[in-house]
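**Student:** What follows is each chain in one-letter form.
There are 4 protein chains.
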Amino acid sequence: MISDDTVQSIRKFTAERNWEQFHTPANLAKSICIEAAELLECYQWVPEAPASDTEHAQEELADVLTYCIMMADALGVDMDDIITNKLAKTKLKYPSDAVRNNFNEYEARHHSARLRN
Amino acid sequence: MISDDTVQSIRKFTAERNWEQFHTPANLAKSICIEAAELLECYQWVPEAPASDTEHAQEELADVLTYCIMMADALGVDMDDIITNKLAKTKLKYPSDAVRNNFNEYEARHHSARLRN
Amino acid sequence: MISDDTVQSIRKFTAERNWEQFHTPANLAKSICIEAAELLECYQWVPEAPASDTEHAQEELADVLTYCIMMADALGVDMDDIITNKLAKTKLKYPSDAVRNNFNEYEARHHSARLRN
Amino acid sequence: MISDDTVQSIRKFTAERNWEQFHTPANLAKSICIEAAELLECYQWVPEAPASDTEHAQEELADVLTYCIMMADALGVDMDDIITNKLAKTKLKYPSDAVRNNFNEYEARHHSARLRN
Numbered sequence: 005m006i007s008d009d010t011v012q013s014i015r016k017f018t019a020e021r022n023w024e025q026f027h028t029p030a031n032l033a034k035s036i037c038i039e040a041a042e043l044l045e046c047y048q049w050v051p052e053a054p055a056s057d058t059e060h061a062q063e064e065l066a067d068v069l070t071y072c073i074m075m076a077d078a079l080g081v082d083m084d085d086i087i088t089n090k091l092a093k094t095k096l097k098y099p100s101d102a103v104r105n106n107f108n109e110y111e112a113r114h115h116s117a118r119l120r121n
Numbered sequence: 005m006i007s008d009d010t011v012q013s014i015r016k017f018t019a020e021r022n023w024e025q026f027h028t029p030a031n032l033a034k035s036i037c038i039e040a041a042e043l044l045e046c047y048q049w050v051p052e053a054p055a056s057d058t059e060h061a062q063e064e065l066a067d068v069l070t071y072c073i074m075m076a077d078a079l080g081v082d083m084d085d086i087i088t089n090k091l092a093k094t095k096l097k098y099p100s101d102a103v104r105n106n107f108n109e110y111e112a113r114h115h116s117a118r119l120r121n
Numbered sequence: 005m006i007s008d009d010t011v012q013s014i015r016k017f018t019a020e021r022n023w024e025q026f027h028t029p030a031n032l033a034k035s036i037c038i039e040a041a042e043l044l045e046c047y048q049w050v051p052e053a054p055a056s057d058t059e060h061a062q063e064e065l066a067d068v069l070t071y072c073i074m075m076a077d078a079l080g081v082d083m084d085d086i087i088t089n090k091l092a093k094t095k096l097k098y099p100s101d102a103v104r105n106n107f108n109e110y111e112a113r114h115h116s117a118r119l120r121n
Numbered sequence: 005m006i007s008d009d010t011v012q013s014i015r016k017f018t019a020e021r022n023w024e025q026f027h028t029p030a031n032l033a034k035s036i037c038i039e040a041a042e043l044l045e046c047y048q049w050v051p052e053a054p055a056s057d058t059e060h061a062q063e064e065l066a067d068v069l070t071y072c073i074m075m076a077d078a079l080g081v082d083m084d085d086i087i088t089n090k091l092a093k094t095k096l097k098y099p100s101d102a103v104r105n106n107f108n109e110y111e112a113r114h115h116s117a118r119l120r121n
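Each protein sequence line maps, in turn, to chains A, B, C and D.
One point on numbering: in the numbering used here, the residue at position 108 of the first sequence is 112, and numbering is uninterrupted.
One point on numbering: in the numbering used here, the residue at position 90 of the second sequence is 94, and numbering is uninterrupted.
One point on numbering: in the numbering used here, the residue at position 8 of the third sequence is 12, and numbering is uninterrupted.
One point on numbering: in the numbering used here, the residue at position 64 of the fourth sequence is 68, and numbering is uninterrupted.
Please note that the accuracy of each hint is not assured.
Which copy is meant is left open, because identical chains are indistinguishable; a pair holds if it fits in one copy or across any two.
What the hints assert, rightly or not - The calculated lysine-lysine pairs, modelled on DSSO-like cross-linking and capped at a C-alpha distance of 30 Å, are: (1) K90 / K16; (2) K93 / K16; (3) K95 / K16; (4) K16 / K97.
It is worth saying that the hints were derived from the structure and are not from the lab.
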């Protein structure tokens with residue numbers, strides 16, 4: 005989970021540095037992309053990150069999550085709410101009976117799903 | 005915050021579809037990147053997303069967070085722990101006295117920081 | 005332009021290091037994403053890269069292009085061909101009369117375009 | 005290769021739509037990232053794109069290249085020049101004798117290389 009204490013500690017970090025001015029949704033969207041790519045870099049040439057790089061992957065995931073927390077604040081939304089709302093839509097799109105053990109059905113629904121999203 | 009209930013509902017969603025088999029760290033890192041870019045698309049040509057697109061941005065942020073929750077599970081780490089650990093390192097790198105209202109100092113530390121990360 | 009000489013020099017670079025083994029389409033797609041995000045980092049907090057960072061942006065763009073050249077080889081396609089073919093489709097999607105000075109029309113066609121792509 | 009004719013046809017496409025106004029380096033960097041992630045999506049859950057998706061991968065690569073051509077124009081640089089210059093630096097960083105058949109040496113140089121870039 006991500007506790008309220010963790011969210012508060014990130015808000016405090018930002019406020020102490022007067023960095024709210026940089027945290028527009030557009031800048032944070034760029035930042036999430038940049039950190040996501042740094043996480044992907046752990047797996048650039050190998051299917052799994054070597055054991056020595058596990059801590060690196062954890063830190064990059066932490067960076068993505070930190071910017072996501074800041075983005076939720078910038079958009080004025082609650083993370084639990086938006087995840088729960090999206091999950092409800094995703095469940096309708098991919099009913100477990102239809103896609104369980106059926107990758108082709110998932111793929112078909114994934115691509116047709118782009119029509120509505 | 006992201007509650008334990010939300011994390012559990014995502015685990016249940018995955019288990020019901022037998023999708024754990026696809027959730028390797030490498031596949032999830034790709035997925036986080038893909039969703040992060042869809043979030044960025046809301047801001048591709050305009051500094052801020054138009055009001056009519058706010059719901060779209062929320063859904064894309066939810067997608068990034070959902071894959072991050074799955075990634076934390078795949079790496080076997082606790083989100084609060086990794087965010088808190090990384091925040092402690094980031095505080096040392098960017099002391100508030102040094103970087104507050106000093107973008108050049110932030111930039112200098114950001115680029116030299118890449119040496120250690 | 006990107007000349008045949010440039011393409012050949014990249015192929016030679018790869019062959020001399022015996023790196024074709026790593027250049028699967030999937031690995032190169034990851035690599036293009038990673039370098040694209042490093043290019044984006046030049047513009048993370050500022051609308052335009054500072055003059056001192058212009059060389060950095062050029063190098064990151066070169067990295068993206070280099071991996072794209074390798075990707076075209078991995079897919080067995082000619083860059084001129086695929087760009088020309090896609091441009092023909094894009095022209096049909098966005099006729100100049102319809103979208104010239106009409107950002108809303110572009111946006112509408114962009115989002116409906118996702119249905120077909 | 006990417007011929008001068010191809011570059012000219014993209015410039016004409018942009019000019020006819022009066023879209024130069026949107027093609028700032030920052031907007032194009034975002035666009036390259038977005039298209040790179042769409043290319044990556046072809047390989048999201050599978051190591052190689054299914055045969056039926058090969059045309060899709062070609063089109064996404066074409067999109068990345070098209071935005072790269074626009075970016076080179078926005079930065080006022082020649083693609084051959086920046087690729088050649090960067091390749092010269094990369095050759096020094098990864099001498100073929102040192103890295104040929106030695107992935108660990110590549111990795112070590114890759115991560116130390118981030119210090120200088």
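**Student:** Run every hint past the structure and note whether it holds.
**Tutor:** Here is how each hint holds up against the structure:
For a Cα distance limit of 30 Å, the shortest separation of K90 from K16 qualifies both inside one copy, at 29 Å, and across copies, at 15 Å. In this assembly of identical chains, the alpha carbons of K93 and K16 lie at most 30 Å apart only when taken from different copies (15 Å versus 34 Å within one copy). Proximity of K95 and K16 under a CA criterion of 30 Å is satisfied inter-copy only: 11 Å between copies versus 36 Å inside one chain copy. In this assembly of identical chains, the alpha carbons of K16 and K97 lie at most 30 Å apart only when taken from different copies (16 Å versus 39 Å within one copy).
Against the hints set out earlier in the document, no violation occurs for any number.
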